[in-house]
Amino acid sequence: MTTIKRYGEAFKRKVIQEIESGKYSQNQAMKYYGISGSVTIRGWLKSMERII
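Be aware that the sequence shown starts at 0, since it is given in numbering that gives the first Met the number 0, and climbs by one per residue.
You may find that some hints are simply not true.
[As the list claims (entries may be wrong)] No more than 25 Å apart at the CA atoms, straight line, and that leaves these computed lysine-lysine pairs for BS3-like:
hint: 1; residue 1: Lys11; residue 2: Lys30
hint: 2; residue 1: Lys11; residue 2: Lys22
hint: 3; residue 1: Lys22; residue 2: Lys4
hint: 4; residue 1: Lys45; residue 2: Lys4
hint: 5; residue 1: Lys45; residue 2: Lys11
hint: 6; residue 1: Lys30; residue 2: Lys4
hint: 7; residue 1: Lys13; residue 2: Lys45
hint: 8; residue 1: Lys30; residue 2: Lys13
hint: 9; residue 1: Lys22; residue 2: Lys45
hint: 10; residue 1: Lys45; residue 2: Lys30
[Stated by the list, open to error] Computed Cβ-Cβ distance ranges for the label pairs, DEER-style:
hint: 11; residue 1: Glu48; residue 2: Thr2; range: 25 to 31 Å
hint: 12; residue 1: Thr1; residue 2: Gly21; range: 31 to 37 Å
hint: 13; residue 1: Val38; residue 2: Glu8; range: 25 to 31 Å
hint: 14; residue 1: Asn26; residue 2: Met47; range: 16 to 22 Å
hint: 15; residue 1: Lys22; residue 2: Thr2; range: 26 to 32 Å
hint: 16; residue 1: Lys45; residue 2: Ala9; range: 16 to 22 Å
hint: 17; residue 1: Glu48; residue 2: Thr1; range: 27 to 33 Å
hint: 18; residue 1: Gln27; residue 2: Gly7; range: 26 to 32 Å
hint: 19; residue 1: Glu8; residue 2: Gly36; range: 15 to 21 Å
hint: 20; residue 1: Lys22; residue 2: Thr1; range: 29 to 35 Å
Bear in mind the hints are in silico, worked out from the structure with no lab data behind them. Keep in mind the model is a prediction, meaning the values are calculated, not measured. The C-beta atom is built at its ideal place from N, Cα and C for all residues, glycine as well.
Kindly produce the complete structure, drawing on both the sequences and the hints.
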């Protein structure tokens with residue numbers, strides 16, 4: 000059975016901010032924070048565009 004990991008809004012915003020500031024690329028952030036799947040971060044970026 001696959002476990003789905005949930006991330007809080009504050010964590011998502013932190014990761015996105017670090018990517019947008021140039022601190023990390025999407026792949027670097029994924030590895031640094033242990034986020035599985037680049038689609039996850041892309042989804043966050045898309046959803047945050049709608050909010051901002």
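Evaluated hints:
1. Distance check on the hinted pair: lysine 11 and lysine 30 sit about 14 Å apart at the alpha-carbon level, within 25 Å; holds.
2. Pair hint lysine 11 plus lysine 22 holds up; C-alpha atoms about 15 Å apart against a cutoff of 25 Å.
3. Between lysine 22 and lysine 4 the CA atoms are separated by roughly 24 Å; this keeps the pair inside 25 Å, and the hint holds.
4. Under the criterion of a C-alpha separation no larger than 25 Å, the hint pairing lysine 45 with lysine 4 is consistent with the structure, at around 19 Å.
5. For the proposed pair lysine 45 and lysine 11, the alpha carbon gap of about 12 Å is at most 25 Å, so the pair holds.
6. Taken as a hint, the lysine 30 and lysine 4 pair is honoured in the structure, with Cα atoms around 15 Å apart against an allowance of 25 Å.
7. In summary, the hint linking lysine 13 to lysine 45 is supported, as the alpha carbons are separated by about 15 Å, within the 25 Å threshold.
8. With a CA separation close to 15 Å, the supplied pair lysine 30 and lysine 13 stays within the 25 Å bound.
9. A C-alpha spacing of about 19 Å is found between lysine 22 and lysine 45, which places the hinted pair at or below 25 Å, so the restraint holds.
10. This hinted pair checks out: lysine 45 and lysine 30 have alpha carbons roughly 20 Å apart, not beyond 25 Å.
11. Between glutamate 48 and threonine 2, the C-beta spacing of about 28 Å keeps the proposed range 25 to 31 Å intact.
12. With their beta carbons about 33 Å apart, threonine 1 and glycine 21 fall inside the hinted range of 31 to 37 Å.
13. At about 18 Å, the beta-carbon gap between valine 38 and glutamate 8 misses the expected band of 25 to 31 Å.
14. Judged by the Cβ atoms, the range 16 to 22 Å given for asparagine 26 and methionine 47 holds: they are separated by roughly 18 Å.
15. The hinted range of 26 to 32 Å is satisfied by lysine 22 and threonine 2, whose Cβ atoms lie roughly 28 Å apart.
16. At about 18 Å, the CB distance of lysine 45 to alanine 9 agrees with the hint of 16 to 22 Å.
17. Roughly 28 Å separates the CB atoms of glutamate 48 and threonine 1, a value that falls within the hinted 27 to 33 Å.
18. Between glutamine 27 and glycine 7 the beta carbon distance is about 21 Å. The supplied range of 26 to 32 Å is therefore violated.
19. The given range of 15 to 21 Å is respected by glutamate 8 and glycine 36, whose C-beta atoms sit roughly 19 Å from each other.
20. Between lysine 22 and threonine 1, the C-beta spacing of about 30 Å keeps the proposed range 29 to 35 Å intact.
In the structure shown, a violation is registered for the earlier hints numbered 13 and 18, in ascending order.
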